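Number of protein chains: 2
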Amino acid sequence: MKNIPYKIYLDEAEMPKAWYNLRADMKNKPAPLLHPATLQPLTAEELSTVFCKELAAQELDDTTAYIAIPQEIHDYYKTFRPSPLVRAYNLEKHLQTPAKIYYKFEGNNTSGSHKLNSAIAQAYYAKKQGLKGVTTETGAGQWGTALSMACAYFGLDCKVFMVKVSYEQKPFRREVMRTYGAEVTPSPSMQTAVGRKILQEHPGTTGSLGCAISEAVEVAALDPSYRYVLGSVLNQVLLHQSVIGLETKAALDKYGVKADIVIGCAGGGSNLGGLIAPFMGEKLRGEADYRIIAVEPASCPSFTRGKYAYDFCDTGMICPLAKMYTLGSGFIPSPNHAGGLRFHGMSTTLSQLYHDGLMEAVAVDQLSVFQAAEEFARVEGILPAPESSHAIRAAMDEAIRCKETGEEKTIVFGLTGTGYFDMYAYEAFHDGKMTDSIPTDQELAQGLSGLPKVD
Amino acid sequence: MKNIPYKIYLDEAEMPKAWYNLRADMKNKPAPLLHPATLQPLTAEELSTVFCKELAAQELDDTTAYIAIPQEIHDYYKTFRPSPLVRAYNLEKHLQTPAKIYYKFEGNNTSGSHKLNSAIAQAYYAKKQGLKGVTTETGAGQWGTALSMACAYFGLDCKVFMVKVSYEQKPFRREVMRTYGAEVTPSPSMQTAVGRKILQEHPGTTGSLGCAISEAVEVAALDPSYRYVLGSVLNQVLLHQSVIGLETKAALDKYGVKADIVIGCAGGGSNLGGLIAPFMGEKLRGEADYRIIAVEPASCPSFTRGKYAYDFCDTGMICPLAKMYTLGSGFIPSPNHAGGLRFHGMSTTLSQLYHDGLMEAVAVDQLSVFQAAEEFARVEGILPAPESSHAIRAAMDEAIRCKETGEEKTIVFGLTGTGYFDMYAYEAFHDGKMTDSIPTDQELAQGLSGLPKVD
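So the protein sequences, as listed, match chains B and D.
The working numbering numbers the first residue of the first sequence as 1 and each following residue consecutively.
The working numbering numbers the first residue of the second sequence as 1 and each following residue consecutively.
Next up, chain B with everything else stripped away, as it sits in the complex:
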């Protein structure tokens, strides 16, 4: 076996030329999205009123295995990709484990996360369709930042509705978006009917993701030169994010390394679905076997304690219904610093795979996640995002198990981003003020009691 460097960078020529559409290899396809009024599967035409035409097609396409990456997107990918696949020599040494640990680091771009992989694709299709701009919502701010960057590159207007509490608590995130020319509005706002209604009913509200989604959708719906875009959950997003897994696999193959375990954090599923895509593909085609592990916060355990059922994707219940592992669209997770993992449901593709026993899931508590994050930062240098640190926790746990059993397993995990804009969370951790709140069975039952009735 070749000598493995600390960081494996593919050459530009080795970068993937096509996205891999995992659904094409699934025997049991993910269940279709349903129209919230008719409860009938959404058609391409219906989807095209909300999403760009080509994105709507990608959303529904579950047969084409490889979809070419347009040259313009590939060119932009070259400005921040390939991302490094890092051999965690220092972490291995620190844990005294015989396991070999690798992580794919997606944080080396200004958005600080993997979100840019899909943002640039969605902006490209919007531009190609001749649109003037796009609207979206953002909570933690990673998606909003990524979309702002993508829109600046293609000269599109970008309207971001940022949950008011984040807008006020994270002024730096807001300023990064403004640097890229985005219009950032604290939500709820007076700009939309839904915003005005909420402000009238709850004058002091600090907003919610559900409300911000509704505002972004309303603005896009009222202007035919705009479309709404979303950074996770959707099939199209998982498709674009497959570039993470494809690069990871190519880098491992280049050095003759076979993964045993692939681990990713899971909120809506954008990172996990992208990272595992080619590995799961081999598994589905019977070419190789892998343990694939989704890691979620114990405070928002959709896989490990949720129900596989049709549910609304938003709290306002205006968006389509998806069949997914869900805690109920009315479930409010306890305050948790991993904002990107607080979604009540999960990608339909990942939900189907989990339901079919093709992947595992673990839930980890917040304190142990930050302990792992700090240990990782000190030995590997990189300061991880709270979301990414869920995967670190699970990878470290597997590596520690290898130490106990003496197994030399190869563990690959996704390090989705950096924590530079999450230092208030680290501060709470350092000051001993961090808590975690695991929902009771009763709280979960209450969240699930509101599931819509769909046959």
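Just so you know, the hints here were simulated from the structure itself, not pulled from any lab data.
Wrong hints could be hidden among the right ones.
[As the list claims (entries may be wrong)] Chain D residues, not near chain B, derived (Cβ > 12 Å throughout):
(1) 11
(2) 25
(3) 87
(4) 88
(5) 186
(6) 358
(7) 373
(8) 403
(9) 435
(10) 450
(11) 453
[To be verified] Pairs of lysine-lysine residues, derived as DSBU-like cross-links and limited to a Cα-Cα distance of at most 35 Å, are as follows:
(12) 433/D with 132/B
(13) 7/B with 197/D
(14) 100/D with 127/B
(15) 433/B with 27/B
(16) 2/B with 128/D
(17) 2/B with 164/D
(18) 2/D with 258/B
(19) 17/B with 7/D
(20) 323/D with 93/B
(21) 93/B with 197/D
(22) 127/D with 433/B
(23) 53/D with 164/D
(24) 27/D with 283/D
(25) 258/D with 197/D
(26) 164/D with 307/D
(27) 197/B with 27/B
(28) 2/D with 17/D
(29) 53/B with 93/D
(30) 132/D with 197/D
(31) 132/B with 307/D
(32) 254/B with 7/B
(33) 53/D with 127/D
(34) 132/D with 283/D
(35) 53/B with 254/D
(36) 78/D with 283/B
(37) 78/D with 258/B
These numbers come from a predicted model, not from an experiment.
Virtual Cβ for every residue (Gly too), placed ideally from N, Cα, C.
Given the coordinates of chain B, assemble chain D onto it according to the supplied hints.
Positioned in the frame of chain B, the structure of chain D alone reads:
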């Protein structure tokens, strides 16, 4: 010529094995540091009471051209180096210039800047000498962060005195340091005699870099198991930073590219001295010619409007005297968002080279710097630090000149870091609240009137 990718990454095996000591090739050596009491050149023994022994030796060595990088440091370099040399295709297109623009990006590590190159070296020598820890001061926080990371890696205590106003305004920087286990104290503090004295005299003071230096030096001086370390100005720092220039040169050579102009921002000189080292070396040996340009803020113009003379390195006048371009140790630059460029003096090595006409210098005003920063961010993706943006401004100006003359010059500049922790400055820029204040001739004369009398 080979097809040049967006990002040139050297292989791990191509990384420099030795630092390049520019002074060895200088006919006119930089003037020695003088003892503040005796005004005699400092000996290695005297320096060793403040600095680690090997670092004191490096400080004085102006004859050894190459100094091997110890294996432990090289191993750590591999975790965040080689850094990419980026071909700025998008910026070239945006400016419609025939110039070829390259930048060496040092921001892809948690400290967010090039400071880690020297921090890890200084921590290594402290560990090797059997010390318990090191002390330092930090203003903007990049150096303090880098040193915290390096100390965590080698298991050293790290005591950082952070200027109180920064400590309060930049709690995130402080938290990053705490994540790496550093003890961060707002300065002035009650921990030191000098701190107590200042607090008694000026109860409401928000501190200054000069005061923080004094506190850090005092703590190290009183405990023989500690030494004081510094992130810029010194010869040893420029030596370690030569890794930037060596990688840059190796990457250009690999693709058969010859630079015409090399540009770097200059505060104390750590980045500029490192970036230009091998280019200046060729120039000194008569092997090649380059235009080498230092860029400084118009609000703190030590090269362009300062005097070449012996001066104190700190406002407290307790540190050694250095012969350098200076505005006077009592000069207080107007508030400027590029904290790393607000030093009143300049590295002795760079000062000598400038004095000998081997390099040029330009001063740029803050508003034009942020205009360049935002343009750069939008087309190249990376959000630059205010300091780095001075180099961007000058590089863009040169590229625009090439457009006017039709010359296809190759411009290389140093992009020292990211601006994630400087968003308050971008906010001021976006809100139209940014100003710049260029000192009057009278103000400069006043600063220079306090220069010490040294023959």
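A quick look at each hint next to the structure:
{"no.": "1", "hint": "11", "result": "violated (7 Å)"}
{"no.": "2", "hint": "25", "result": "holds (32 Å)"}
{"no.": "3", "hint": "87", "result": "violated (10 Å)"}
{"no.": "4", "hint": "88", "result": "violated (10 Å)"}
{"no.": "5", "hint": "186", "result": "holds (15 Å)"}
{"no.": "6", "hint": "358", "result": "holds (34 Å)"}
{"no.": "7", "hint": "373", "result": "violated (8 Å)"}
{"no.": "8", "hint": "403", "result": "holds (21 Å)"}
{"no.": "9", "hint": "435", "result": "holds (18 Å)"}
{"no.": "10", "hint": "450", "result": "holds (38 Å)"}
{"no.": "11", "hint": "453", "result": "holds (47 Å)"}
{"no.": "12", "hint": "433/D with 132/B", "result": "holds (30 Å)"}
{"no.": "13", "hint": "7/B with 197/D", "result": "violated (50 Å)"}
{"no.": "14", "hint": "100/D with 127/B", "result": "holds (28 Å)"}
{"no.": "15", "hint": "433/B with 27/B", "result": "violated (47 Å)"}
{"no.": "16", "hint": "2/B with 128/D", "result": "holds (32 Å)"}
{"no.": "17", "hint": "2/B with 164/D", "result": "violated (51 Å)"}
{"no.": "18", "hint": "2/D with 258/B", "result": "holds (33 Å)"}
{"no.": "19", "hint": "17/B with 7/D", "result": "holds (18 Å)"}
{"no.": "20", "hint": "323/D with 93/B", "result": "violated (46 Å)"}
{"no.": "21", "hint": "93/B with 197/D", "result": "violated (46 Å)"}
{"no.": "22", "hint": "127/D with 433/B", "result": "holds (33 Å)"}
{"no.": "23", "hint": "53/D with 164/D", "result": "holds (31 Å)"}
{"no.": "24", "hint": "27/D with 283/D", "result": "holds (12 Å)"}
{"no.": "25", "hint": "258/D with 197/D", "result": "violated (55 Å)"}
{"no.": "26", "hint": "164/D with 307/D", "result": "holds (31 Å)"}
{"no.": "27", "hint": "197/B with 27/B", "result": "violated (45 Å)"}
{"no.": "28", "hint": "2/D with 17/D", "result": "holds (26 Å)"}
{"no.": "29", "hint": "53/B with 93/D", "result": "holds (29 Å)"}
{"no.": "30", "hint": "132/D with 197/D", "result": "holds (27 Å)"}
{"no.": "31", "hint": "132/B with 307/D", "result": "violated (54 Å)"}
{"no.": "32", "hint": "254/B with 7/B", "result": "holds (13 Å)"}
{"no.": "33", "hint": "53/D with 127/D", "result": "holds (11 Å)"}
{"no.": "34", "hint": "132/D with 283/D", "result": "violated (42 Å)"}
{"no.": "35", "hint": "53/B with 254/D", "result": "violated (44 Å)"}
{"no.": "36", "hint": "78/D with 283/B", "result": "holds (34 Å)"}
{"no.": "37", "hint": "78/D with 258/B", "result": "holds (23 Å)"}
Violated hints, in rising order: 1, 3, 4, 7, 13, 15, 17, 20, 21, 25, 27, 31, 34, 35; the structure is consistent with all others.
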